[in-house]
Amino acid sequence: MALSFMEGNEAVARGAMAAGCTFFAGYPITPATTVFANMLKMLPPKGGICVQGEDEIASMGYCIGASMAGRKVLTATSGPGLSLYSEQISFAVGSEIPLVIVDVQRLGPSTGSATRGADSDIQFMRWGNTGGVPVIVLVPKDALDCYLLTIKAFNYAEEFRCPVFIASNKEIGMTKESVDLDAVDLPELVERKKYQGDNYVPFEAAPDAAPDFLPIGGETLVRQTSSTHGTDGYITIDPRVIEANQERLQNKILAAEERITLYEENHRPGAKTLVISYGVTSRAVDDACDLLGEKGVPVSSLTLKSLWPVPETLLVKAAENYDRIVVIEMNLGQYLGEIQRVLCGKNIKFYGQMNGILIKPGKIMEVIEND
Amino acid sequence: MTSLLNAERPPVFCPGCTHERITKELDKALEKKGMAPDKTVIVSDIGCSGLFDTFFNVHALHGLHGRALTYAQGLKLADPTLNVIVTMGDGGLGIGGAHVLAACRKNLDITLIVLNNFNFGMTGGQYSSTTPTDATVGSEFLNHAEVPIDICAVAESAGATYISRCSGHDTALADIMVAAMDHKGFSLVETLGMCTGRYTKKNQLTPKALDAMIEAMPRKNGLVAKNQRAEYGEAYRELALGQTHFPMPVTIEKQFDPTAPKREEIVILGSAGMRIVTAGDMVCYAGMAAGMNVSMKNDYNITVLRGQSVSEILISPEKIGYAGIEAPTVVVAISDEGVQRRKAMFATLSPDTFVLKEKSVSIPETPAMVVEIDFKALKVKRHDWALASLGVLAKEGRGLTPDLLAYAVGARFNKKVAAIAMETLGKISGS
Ligand code: SF4
Ligand SMILES: [Mg+2]
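These protein sequence lines map, in sequence, to chains A and B. Residue 320 in my numbering is what sits at position 82 of the first sequence, and the numbering runs on without skipping anything. Residue 1338 in my numbering is what sits at position 192 of the second sequence, and the numbering runs on without skipping anything.
For reference, chain B alone in the conformation it holds in the complex (with noise of 0.2 Å):
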């Protein structure tokens, strides 16, 4: 193998500058590993560690501030067969974080180089999420009241399964790099450098400093021994192919011909838990059935198991225009909280309109036509009175018939579940 460097585009470094050794040793990790150019990929964030993709010879992709590992995870989901490599400076690492952490969680086959110099280079010094304390940097006195993160042991908390620091003008660099490279799963390699052009021209730091602080911190040096797992994209994709079912959309073929094919806008007012949105599915497939086009808007309340639940649903022979109730022909009222939602509607209501309303529940008044049921004194349980109530619509014939309300039931349940919808609904038929 030979060097994947770009000779037309040699580095462009500040001299005595880190980020030129680290460009050398990551060429000679390529060259160890034997990379195939066209199956390795650079990813590069922004500032000077940003150039990296610009002087390989290998598919390069540069983006936004802290968003490389994005790119970075989308490639290799999209393509396992890639060699997927970032670059990132202290600043990418704070601005983000998240995405660090996602990535050590996630542990796709990737190797993230955090090029940490300790300030931001390239926008004149200022300070950064790994800027020590006490150090003199371009942000007058802002670090002075900030700690610096070490990411290594955020990466371990956050999962990682590979963690590596080292300095960089480590001799063993690119054998670090080729180990994590090797590591299946996601790897982090930190490398501490000198940013000649800013942050050493006020504060001391040699190589030698550079392994003192190594030294002094938590040592990391490959495996996570706790973190351990599989590869995210393989669990992925293990995982994925247990899911074989391709859902086909939900289909009724018009099956009855009814006589006068009218427009019907239904409301139905109940509360979360009573099964208002599969009464309103049913409503719809009995309308299908019947040749008809429907709509339907459901509103419930955010916290889904509190609060009212409203359906509302229009059938018609004609192509539906506005999908909101004007004038309700039927109104299902069966929970004092769906009423209160549509309270202003009553006094609107038709004399022609049919409103069903549950006896514990308490409408406003209303110049519609109101009867009452008993579902209580059917023994009708009250997550049942949404379908109970389509059985006393369908035996006045308003809306629906049995026929379609029959077939409805069919259309929505297995036949377990469709047998003791029945059950309930002959409760009514037979009341």
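Same shape as in the complex, but just chain A (with noise of 0.2 Å):
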């Protein structure tokens, strides 16, 4: 068995890669800058397109841009550049611009620490555009979910026309790490559905579809606008075709809840309790978990890969057997409500830490342990 060495940033480039992704705009910033570093040894020879932008707001508007010629299109920042992506963001949810948008999060509030771990924008990556429209957010644990989540992003924003974030970690960015790339099932690639007909109408869907695509630059002419819009591409202020659009935005996303789903579960015989986590805190539940299970104490854990959409239906399907639910995360509790809403009348216990370091395993015993 050959195993490959990589920090989980050069694992989404190769994942990037993979999924046929040609074009990458990105602003240097710490932890997130040898995603880009990568993406420009490796896009060139291949073919690809790798600039940097004047600053945030210019690399996502290059992403949009390239994006609406029909590339699949790659880039990577954290927190603060995450700051400045915002406005772009809200157009591309808003028109239905696919995108793979990799925060590498470090320790927030603003400029925060460069150089350390937290989960700091797990809501703001959810609602940190206008309108308050669903997006998808895939959660990595490690390098090897670094290289097959980015391929399944990619799926992702070409299926359904929208941004879809990887809310990687420093702890795991740029942690190296021995990974098997040959015992990843790769998905099949998606590949943005084009229109086929003679009689484009730009934004015309079914209700829980996105609109088929037409790159700007074709025969065809093609219409993408950052206004509230009709099917036509042009400016509307009729309620029910605004009203329409705005519940299809909602719908193609939220009705594909469970298809969107990804997630890890190990269920111990005799468990009373489950622990959910997600991102590199995952990794010290799992082995908080194995210790106990050695001393006699089975507990089960859940560990979720995707955490927009909510995945409702999962929760409540795997929390269904346990008395007692137990949700650690590496902040002060962003995604603690989400599952409180989901799993109410549960008796849920929360640990959140979010000081620059990772959470020990000793620690989740401790919580776990301790009613």
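Calculated directly from the structure, the hints in this document are not laboratory data. Here a beta-carbon is modelled for each residue, glycine too, at the ideal position from N, C-alpha and C. Hints may be right or wrong, so weigh each one.
[What the hints assert, rightly or not] When the alpha-carbon atoms are kept at most 27 Å apart in a straight line, the in silico DSSO-like pairs for lysine-lysine are as follows:
1. K1525/B with K598/A
2. K1525/B with K1505/B
3. K1185/B with K432/A
4. K1185/B with K284/A
5. K533/A with K1185/B
6. K1408/B with K601/A
[Stated by the list, open to error] Some chain A residues judged to face chain B by a derived CB distance under 8 Å, without partners named:
7. A304
8. I454
9. H505
10. D525
[Said to hold, decoys possible] Chain A regions said to be covered by chain B (calculated; three or more residues, Cβ under 8 Å):
11. 247 to 261
12. 402 to 414
13. 434 to 448
Join these two chains into a complex; the hints should help.
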């Protein structure tokens, strides 16, 4: 068996290449810079384009332009850059422009700590757009996930015509580890559905689907706009048209919740507690559960690999047989509210830590063992 | 060729607005150029100039305020066959200033038409980055404390290769636009116009007055000789062609069967310049060559040439979960800065922990087993101390073996560097 040795950020870049990404624009920011650096090495030899924007706003603008020309595009940043992406994310969300955005999270708020990890932006990714339109957020727990989830993110972006986030973390992005790339079951690649007829209406779609795509620069004229638009891509003030579009933007993601949901679960016989976590924290949760198992205290675990849309069906099903739920997060409880909402009535215990260091397995054992 | 104006969506500007005339002149220019509509895109900004994309039967992208140039550049890079035209008011010029500067510097083949009417028409006539200091606009007194920008002068200093300034009422406007579009590179055409809905209500402005303004400003009518250079897309593609090597991942086959594979937690405490990360890489390569899983976290200053450099490595026959160090089996202390960074760790070490300490380095009290080495006496240079420490660990059978280390050296370096590294290691194994 041959193992590869790479950090999460390199794995993201390799995943993007495997997914058929041909365009990257970004702006250097720790701890996401090496995604950019890797794409800059990998794209040109394959005929792709990799550029540095004058700032994050521009980088996202380049990506939006390139995506509208039909390319699969990637960008990468961290919290302060995500703040600047925000207005362009709103555009991409509302106007159905496929993009993959890697947020290698660092400790916030604001400038925060460039070289300290935290799952700082879990709610920001979801709600950092005007209008409140749903987005898709995937969350890796290690370098192998970075590879696989990036490919899945491109597939989702193409299918749902929306920005898809990878919620990475400094502790994954910049940690090098051995990975077995050959062990990954690669999903089939999804390509943007091209319109086939002869009367293209750019935003015409089924009530819970994304519209078919044609690129700017193709034979058929295409309109794209950040303004509230009708199916023809021109401004509208017709409340029925606006409402139908708003609902479609919501439904196309929420109706596919179960299909989008990604997770790992480990139900141990006799366990009374289910620990729910995501990201790098899940690795310490796994260790904690193993150690408790060795001590004769079986504890089950659920690792979420997609956070938005909230995997409600999964949560309800996974938690069904447990008296107690323990939620562990590398922040002060950004996702806890979602779990409390979905699992209302359950006994839910929470531990969050946001101090620049990883949560230790020992701490998690303590939280699980002390009622 | 025929007009590319969309008959179903005629211009909707206020009567007398210069934008209307510019719309028609742009159409004439596209006609004169014989632009293929399916190879042409109008990218419009926000405000009244942001309506332009709706009047034409070409591809259209209407985005956020000030960002039109960012989409335009993405489109042009992704599809170099596109004719990209951007319309932007003096509002977009101000809010998107960084993008204007970048577009001038980059020199992608895009035509930017600036519709400068000295105020924000759409939002109520507030002052913009081009409002004259003594004008009366919808911002009370605010513009009286600022000076307007000369975007052509800014563009020139930012490296624009083509700049024209003219009145929106210039009889040759279509030809001026054609000449700008003919230019291979970024071209900026600043048109001065009247906003009859807002600006001219309180400020005397006529086509004649616009002509006089232009006369009084530095003349800009075409190529900027000192800034001529290759178009960005062409330059980019040529440079990118030179990048032929696709980097494959570092992959290590299992080479050795360790007799008793066990978990190791190795901490290397050093300083910038001591090649700590490289040493960490080698420990990981050695672990992988023994068929183990590895992980490595590095901690160094953002000013990379100064301060501590710490590498924390896990080697395990099992899948690695938590990637932090909990119970180090080996600590290499080769600089005080590195030791200071983890000073609390020393008291927590177990008596089995193997601490390798260079003679000149001081470490806190520790229950661990401490072995001191004098690299200076062995004539090992400071930047080789991390490597030499690995030699000591291999010799002692701590975390790696001489075979694994030799393999890692060969895998990490090219032949020449590997030979020098082995020479350094020879000073240790022979000592
Ligand atoms: S507000 Fe000014 S710029 Fe806008 S259409 Fe009216 S005159 Fe033209
Ligand atoms: Mg204006």
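Hints, verified against the model:
no., hint, in the structure
1, K1525/B with K598/A, "violated (41 Å)"
2, K1525/B with K1505/B, "holds (13 Å)"
3, K1185/B with K432/A, "holds (18 Å)"
4, K1185/B with K284/A, "holds (25 Å)"
5, K533/A with K1185/B, "violated (69 Å)"
6, K1408/B with K601/A, "holds (24 Å)"
7, A304, "holds (4 Å)"
8, I454, "holds (4 Å)"
9, H505, "violated (18 Å)"
10, D525, "holds (4 Å)"
11, 247 to 261, "holds (count 3)"
12, 402 to 414, "holds (count 4)"
13, 434 to 448, "violated (count 0)"
Violated hints, in rising order: 1, 5, 9, 13; the structure is consistent with all others.
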